[in-house]
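Asks: For reference, the chains in residue letters:
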Amino acid sequence: GAGVSQSPRYKVAKRGQDVALRCDPISGHVSLFWYQQALGQGPEFLTYFQNEAQLDKSGLPSDRFFAERPEGSVSTLKIQRTQQEDSAVYLCASSLEALNNEQFFGPGTRLTVL
Amino acid sequence: SQKIEQNSEALNIQEGKTATLTCNYTNYSPAYLQWYRQDPGRGPVFLLLIRENEKEKRKERLKVTFDTTLKQSLFHITASQPADSATYLCALDRGSTLGRLYFGRGTQLTVWP
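Chains as they are written, first to last, in the working numbering: chain A, 1 to 114; chain B, 1 to 113.
Looking at chain A on its own, in the form it has when it is part of the complex (with noise of 0.2 Å):
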C-alpha cells in the first residue's frame, strides 16, 4: 500500500466494552508506534515497536492497554473494559528505522465511548 493504514476509522463502544484497533504499516518499516491524541492536543506517545519486540510501553496509561506486532508487520492495539476518558483518536505510526527517521502517520482509529 501507499501509506499507514488503519482499522476501523471509527469505532463506538460502550462502557466496559473490550476493543481492537488495526494498523497496517508501510512496507519493510521496521519502526512501529502509537499514539494518542485528545482533542485539541498533539499526539501522545503510548508505545514503540521494533520489528515485533516492543521496546517502550511506558506511554500505556493502564494495564487495560495492550500492544501486539506478532510477525513484525501488522500491528493491534487492545484496550479492555474501555472507560469514557479512552474517548481519543489513536494514531499509528511507521518510519524505516527509529532515530531521526520522519514517522508516517495513518489516518487514525477516532474511539467515542459511550
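Source of the hints: derived by calculation from the structure; they are not laboratory data.
Heads up, a few of these hints could be off.
Claimed, not checked - SDA-like cross-link-like pairs, simulated, lysine to any residue; straight-line CA separation at most 25 Å:
no.: 1; chain 1: B; residue 1: LYS59; chain 2: A; residue 2: GLY3
no.: 2; chain 1: B; residue 1: LYS59; chain 2: A; residue 2: GLU102
no.: 3; chain 1: B; residue 1: LYS63; chain 2: A; residue 2: GLN41
no.: 4; chain 1: A; residue 1: LYS11; chain 2: B; residue 2: ARG42
no.: 5; chain 1: B; residue 1: LYS55; chain 2: B; residue 2: THR22
no.: 6; chain 1: B; residue 1: LYS57; chain 2: A; residue 2: GLU97
no.: 7; chain 1: B; residue 1: LYS55; chain 2: A; residue 2: ASN101
no.: 8; chain 1: B; residue 1: LYS59; chain 2: A; residue 2: GLU97
no.: 9; chain 1: A; residue 1: LYS78; chain 2: B; residue 2: ARG51
no.: 10; chain 1: B; residue 1: LYS71; chain 2: A; residue 2: GLN41
no.: 11; chain 1: B; residue 1: LYS3; chain 2: A; residue 2: GLU44
no.: 12; chain 1: B; residue 1: LYS3; chain 2: A; residue 2: GLU102
no.: 13; chain 1: B; residue 1: LYS59; chain 2: A; residue 2: SER95
no.: 14; chain 1: A; residue 1: LYS57; chain 2: A; residue 2: SER87
no.: 15; chain 1: B; residue 1: LYS3; chain 2: A; residue 2: SER62
Fit chain B to the given chain A structure using the hints.
Replies: Showing chain B alone in chain A's frame:
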C-alpha cells in the same frame, strides 16, 4: 518531563504574508526537532527535520530554525496561501528514546485571501 509549548493556539494571516510559528521546550535538549502538518480528520504529515547542530533548514517555502541556547524553534512559511491553512505540530526527539516523539499541542494557522 519534557514540556513543549507552541506560541499560540491560532494564527490568522493574509495570503502572501509570512507565517511564523514558535516552539519552545524545557528540560531535556532534543537531538532532533521535527515539524508536522495536520489537517482535520487526518494524521500528521512530516514537513521538516532539523538536528541540534543545525541552525537552519529550508524546503521550498518552508524554513525552520533551531536555537538550542534559547531552547526554541521557529517555523516560517513564506508567501503563504490559503492551502497552507492547517494545524502545525512541533515534535522533539531526544535521540535516546528510540524514536519516541514529544509533541506540542499545535498551532492552527488560517491564511485568508
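Asks: Give a verdict on every hint.
Replies: Hints versus structure:
1. B:LYS59 <-> A:GLY3: With a Cα-Cα distance of about 22 Å, the restraint between LYS59 of chain B and GLY3 of chain A holds, given a limit of 25 Å.
2. B:LYS59 <-> A:GLU102: Satisfied, since the Cα-Cα distance of roughly 15 Å is no more than 25 Å.
3. B:LYS63 <-> A:GLN41: holds, 24 Å
4. A:LYS11 <-> B:ARG42: holds, 16 Å
5. B:LYS55 <-> B:THR22: Between LYS55 of chain B and THR22 of chain B the Cα gap is close to 15 Å, so the pair holds against 25 Å.
6. B:LYS57 <-> A:GLU97: Roughly 22 Å separates the two Cα atoms, so the pair holds.
7. B:LYS55 <-> A:ASN101: With a Cα-Cα distance of about 19 Å, the restraint between LYS55 of chain B and ASN101 of chain A holds, given a limit of 25 Å.
8. B:LYS59 <-> A:GLU97: This hinted pair holds, its Cα atoms lying about 22 Å apart.
9. A:LYS78 <-> B:ARG51: violated, 35 Å
10. B:LYS71 <-> A:GLN41: Roughly 21 Å separates the two Cα atoms, so the pair holds.
11. B:LYS3 <-> A:GLU44: Holds, at roughly 12 Å.
12. B:LYS3 <-> A:GLU102: holds, 21 Å
13. B:LYS59 <-> A:SER95: Satisfied, since the Cα-Cα distance of roughly 21 Å is no more than 25 Å.
14. A:LYS57 <-> A:SER87: Holds - the C-alpha atoms of SER87 of chain A and LYS57 of chain A are around 19 Å apart, at most 25 Å.
15. B:LYS3 <-> A:SER62: Judged against 25 Å, a Cα distance of about 22 Å means the pair holds.
Checked against the numbered hints listed earlier, the structure breaks hint 9 alone; every other hint is satisfied.
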